[in-house]
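Once you have looked at the hints, place chain R on chain V.
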Amino acid sequence: MANPRQQIERTMNVFFFVVASASITILLLIMLFLFSEGLPTFTFVSVKDFLFGIYWYPTSDPPDFGIFPLIVASVSVTILSAMMSIPLGVLTAVYLSEIATPRVGEIVKPAVELLASLPSVVIGFFGMVLVAPFLQTVFDLPTGLNLFNASLMLAFMSIPTICSISEDALHSVPTALREASLALGATQFETTLRVVLPAALSGISTAVILGMSRAIGETMVVLMVAGGAAMVPGSIFDPVRPMPASIASEMAEAPFRGEHYYALFATGIVLFLFTLLFNIVADYIQHRFKQVGEATL
Amino acid sequence: MDNNITISTQSALPDSGAGRNSEKRSIALRSLLPGKAYQRRRKLVQGAAFGLFRLAALVNGLALFIIVYFMVNGGWTAINWTFLSQPPRDAMTQGGILPCILGTLYLSVGAIAIALPIGVASAIYLNEYARPGRVLRLIRLGINNLAGVPSIVFGLFGLALFVVYFGFGVSILSGAMTLAAMSLPVIIGSTEEALRAVPDTYREASLGLGATKWQTIYGVVLPSAMPGILTGTILGISRAAGETAPIMFTAAVFYTPSLPTSIFDEVMALPYHIYVLATAGTNIEATRHLQYGTALVLIVLVLGMNLVAIIYRSHLRRKL
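From first to last, the protein sequence lines stand for chains V and R. Mind the numbering: the first sequence is residues 2 to 298 in my numbering, read in order. Mind the numbering: the second sequence is residues 8 to 327 in my numbering, read in order.
This is chain V alone, in the form it adopts within the complex (with noise of 0.2 angstroms):
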């Protein structure tokens, strides 16, 4: 019955659909690998102890694995950075949509582009010989590295990404909501804050998430400017040890298969969980508060 044609049919659909499970596979993969190394923490660390105990002494005898401080310095890092990232990546979309003429927009859309593809070790590198020194002197501090340069360099990581995402939402909001708006006597500007923005709100939010969960994932930025202290700050200006620069600067001399290398996975077991936190509440935003089309508005 099945010809040569509908037989290499079947089989490209299949293959196709085989190799586009490979996201989800290799996902599964990591959190496979990241319990099967990370678990073995509950030896001999209760979870309580583990997220909550305030000691992170990994190499002292006996160890304290108590990730709490890189826990709170993720935290603080992250809402930090994104009180600087969502104003400016916002407005800057809301520019970039509403206002700029296609000629100027041209030259601003590819520099946040570029923004964004800057490599984070650069950024990192950036903080630390220039920015640091700087903070160190205007105000007063023993040392630069520290919350607020860190969630500083942070915010214009994950600035593209707000930026870029925030765009597409305001651009899919049909015309005509705005010449309605418009027609009615509005100034350009109240159309903007009353229609366009409610309109684009839940891509927005979605694009405000995506951010922070890029920021609270970055490493090399929080290795080398967050000044590495595993103590739950005082101040913005206290140094820091968010999770990923824990890892980061850990991994290489914990023992293999040691209690340290386990903490180590169990610490990115909670990075990865927070994660997937953010881009699953994306995600619900993204479907349960969808803009189908003008009707639905």
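Note that these hints are calculated values from the structure, not bench results. All C-beta atoms, glycine included, are put in the ideal place defined by N, C-alpha and C. There's no promise every hint is true.
Claimed, not checked - Here are the computed lysine to any residue pairs in the SDA-like style, where the Cα-Cα straight-line distance is at most 25 angstroms:
(1) V:Lys110 <-> R:Leu59
(2) R:Lys43 <-> V:Gln189
(3) R:Lys43 <-> V:Arg195
(4) V:Lys110 <-> R:Gln53
(5) V:Lys110 <-> V:Val19
(6) R:Lys220 <-> V:Ile100
(7) R:Lys50 <-> V:Gly186
(8) V:Lys110 <-> R:Phe90
(9) R:Lys43 <-> V:Leu185
(10) R:Lys43 <-> V:Val20
(11) V:Lys110 <-> R:Tyr76
(12) R:Lys220 <-> R:Met233
(13) V:Lys110 <-> R:Gly54
(14) R:Lys43 <-> V:Arg179
(15) V:Lys110 <-> R:Arg325
(16) R:Lys50 <-> V:Val196
(17) R:Lys220 <-> V:Gln137
(18) V:Lys110 <-> R:Ser321
(19) V:Lys110 <-> R:Pro234
(20) R:Lys50 <-> V:Arg195
(21) V:Lys110 <-> R:Ala128
(22) R:Lys220 <-> R:Ala128
(23) R:Lys43 <-> V:Ser182
(24) R:Lys50 <-> V:Pro88
(25) V:Lys110 <-> R:Gly58
(26) R:Lys50 <-> V:Ile100
(27) R:Lys220 <-> V:Gln8
(28) R:Lys220 <-> V:Val20
To be verified - Computed far set for chain V versus chain R, every beta-carbon distance over 12 angstroms:
(29) Phe45
(30) Val46
(31) Asp50
(32) Ser77
(33) Thr93
(34) Ala94
(35) Glu107
(36) Leu119
(37) Phe127
(38) Thr176
(39) Ala181
(40) Ser203
Quick look at chain R alone, frame taken from chain V:
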């Protein structure tokens, strides 16, 4: 409408008295519109807000400019032929960065060689074959989440799977596979965009001539989408070249005495070299110019590739 109040605000304005006698009707009409002061305030608010938006965009451009400026300023004196063509000497305080340039090249090209076929095929499935439904949703969720996995977690994954479990050791192969896993979502995204840009009439014309779906994809859709896919590939390579965290445990080392000869050799890489020199070198201050120089080479490499891709893409978009 409260005419009295509106008229009284009108008459408070300097020019409202001029036509009072002759144009009562027009005043009555004008009174329905908001006052001039209010109009002026709206204009002012709009001007201020737009100024703020412009400022935000300016800050981004400025940030890019400042970073690139300082890297060029600090690095250009370090760059000469010796720097680009020699291995490091004297405990990495002298000499060049040739092994790092080659290492980065091997890793990023290797990563894309692995990720490109998988990524393009995935995008073809998503855009040409898949029907909307739970399966498609699940695959997309997987891709989105893969894109969000932190780079250091990819490093841990590469260490556990490729280095240890598969026994590849710290090698180009392990590093390239780890980077490939990381760049997969980027490749899929840009390929999908390229496929979406191919007009449906192309597909319909091909199918109408009796071609099967696969023949249509292979003979019509892919060739039309090729430039877009190429752009995505360049972006993918540049992304992979700049990453540090995924190769820290899987491929990169402080120093190798010789250039790699096989895919099972460990390598030096530009991003890791910057990190090592800047944080753990024997004499951090004395190698500052080498750090700047290496950073500049990396920036030129990455931004150069991106610029080519961006220009090429805007050229393509204008043509469509």
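Comparing the hints with the structure gives:
no., hint, result
1, V:Lys110 <-> R:Leu59, "17 angstroms, holds"
2, R:Lys43 <-> V:Gln189, "18 angstroms, holds"
3, R:Lys43 <-> V:Arg195, "22 angstroms, holds"
4, V:Lys110 <-> R:Gln53, "23 angstroms, holds"
5, V:Lys110 <-> V:Val19, "36 angstroms, violated"
6, R:Lys220 <-> V:Ile100, "43 angstroms, violated"
7, R:Lys50 <-> V:Gly186, "12 angstroms, holds"
8, V:Lys110 <-> R:Phe90, "34 angstroms, violated"
9, R:Lys43 <-> V:Leu185, "17 angstroms, holds"
10, R:Lys43 <-> V:Val20, "65 angstroms, violated"
11, V:Lys110 <-> R:Tyr76, "19 angstroms, holds"
12, R:Lys220 <-> R:Met233, "18 angstroms, holds"
13, V:Lys110 <-> R:Gly54, "22 angstroms, holds"
14, R:Lys43 <-> V:Arg179, "24 angstroms, holds"
15, V:Lys110 <-> R:Arg325, "16 angstroms, holds"
16, R:Lys50 <-> V:Val196, "18 angstroms, holds"
17, R:Lys220 <-> V:Gln137, "63 angstroms, violated"
18, V:Lys110 <-> R:Ser321, "11 angstroms, holds"
19, V:Lys110 <-> R:Pro234, "21 angstroms, holds"
20, R:Lys50 <-> V:Arg195, "16 angstroms, holds"
21, V:Lys110 <-> R:Ala128, "29 angstroms, violated"
22, R:Lys220 <-> R:Ala128, "14 angstroms, holds"
23, R:Lys43 <-> V:Ser182, "20 angstroms, holds"
24, R:Lys50 <-> V:Pro88, "22 angstroms, holds"
25, V:Lys110 <-> R:Gly58, "18 angstroms, holds"
26, R:Lys50 <-> V:Ile100, "15 angstroms, holds"
27, R:Lys220 <-> V:Gln8, "12 angstroms, holds"
28, R:Lys220 <-> V:Val20, "17 angstroms, holds"
29, Phe45, "19 angstroms, holds"
30, Val46, "19 angstroms, holds"
31, Asp50, "22 angstroms, holds"
32, Ser77, "17 angstroms, holds"
33, Thr93, "5 angstroms, violated"
34, Ala94, "9 angstroms, violated"
35, Glu107, "7 angstroms, violated"
36, Leu119, "6 angstroms, violated"
37, Phe127, "5 angstroms, violated"
38, Thr176, "19 angstroms, holds"
39, Ala181, "18 angstroms, holds"
40, Ser203, "15 angstroms, holds"
The structure is inconsistent with the numbered hints 5, 6, 8, 10, 17, 21, 33, 34, 35, 36, 37, although it conforms to all the rest.
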